[in-house]
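Engineer: Sequence:
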Amino acid sequence: MNKEILVSLERNELPLLKRIGLLGGTFDPIHYGHLVLAECARDELDLQKVFFIPAPRPPHKVGEIVLDSTHRYNMVRLAIRDNPFFKVSDLEMRRPGYSYTIDTVRYFMERWPETQLFFILGSDALLGIKTWKEAHQLMRLCNFIAAIRPGYKLDKDDEQLQDLPQEFWDHLHFIEVPGLYLSSTDLRERLATGKSVRYLLPPVVEEYIQMHHHYRSDNHHE
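Residue numbering for the sequence shown follows the numbering used here, starting at 1 and increasing by one per position.
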């Protein structure tokens with residue numbers, strides 16, 4: 001398969017943007033939960049663009065089998081192609097070695113210093129944020145949007161959230177997002193066992209997976 005990767009950061013467009021959302025992840029595969037999360041964040045925080053940033057091999061998933069990043073990039077590109085507010089970036093894929101959120105945020109800040117950045121993540125990731133590389137510095141550099149299920153609340157006094165700097169809480173936004181029960185892990189298991197994934201991910205992504213025989217129990221390494 002052609003390994004050429006399109007660069008999605010358009011310098012002639014981004015300087016005009018004042019509020020950008022960043023949604024990083026493995027997207028293995030991308031599904032409706034990711035798309036709903038990005039759309040809810042865009043709508044509630046008035047973001048002009050949301051960048052989907054596939055990770056080449058996330059440092060927190062060492063030892064796990066992850067589909068080739070070019071395929072994951074292509075699936076994201078197909079999934080978001082009809083939404084003018086969404087873009088996909090190969091920034092982390094082009095970076096050698098492991099890629100960290102702090103490096104991605106600094107990249108955007110250095111090139112577009114007038115832009116407000118909003119990093120989008122789920123509540124489970126929020127609970128582990130203290131373990132991220134240069135976590136306290138990251139918390140001071142950008143805003144965060146944390147998605148929670150309707151009716152669920154995170155307690156600031158939670159042991160995993162204690163000792164976080166006040167700057168983090170000042171720039172943390174909670175949004176309620178329906179459908180967060182979707183999991184890429186569950187989807188991979190369904191695909192490997194031949195179960196239906198209809199209505200769980202975009203049809204164009206399902207077609208791509210079938211075309212390349214991804215996630216089958218005999219060739220998930222592709």
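Certain hints may be false.
Said to hold, decoys possible - DSS-like mimics (lysine-lysine), calculated; alpha carbons at most 27 Å apart, straight line:
id : residue 1 : residue 2
1  : Lys153    : Lys130
2  : Lys153    : Lys195
3  : Lys133    : Lys87
4  : Lys195    : Lys156
Keep in mind that the hints were calculated from the coordinates and are not lab data.
Engineer: Confirm or reject each hint.
Structural biologist: Results for each hint:
1. Lys153 <-> Lys130: It holds: about 19 Å lies between the C-alpha atoms, which stays within 27 Å.
2. Lys153 <-> Lys195: Given pair Lys153, Lys195 is violated - Cα atoms ~33 Å apart, limit 27 Å.
3. Lys133 <-> Lys87: The hint holds at about 25 Å.
4. Lys195 <-> Lys156: Given pair Lys195, Lys156 is violated - Cα atoms ~40 Å apart, limit 27 Å.
Hint compliance for this structure: hints 2 and 4 are broken, all remaining hints hold.
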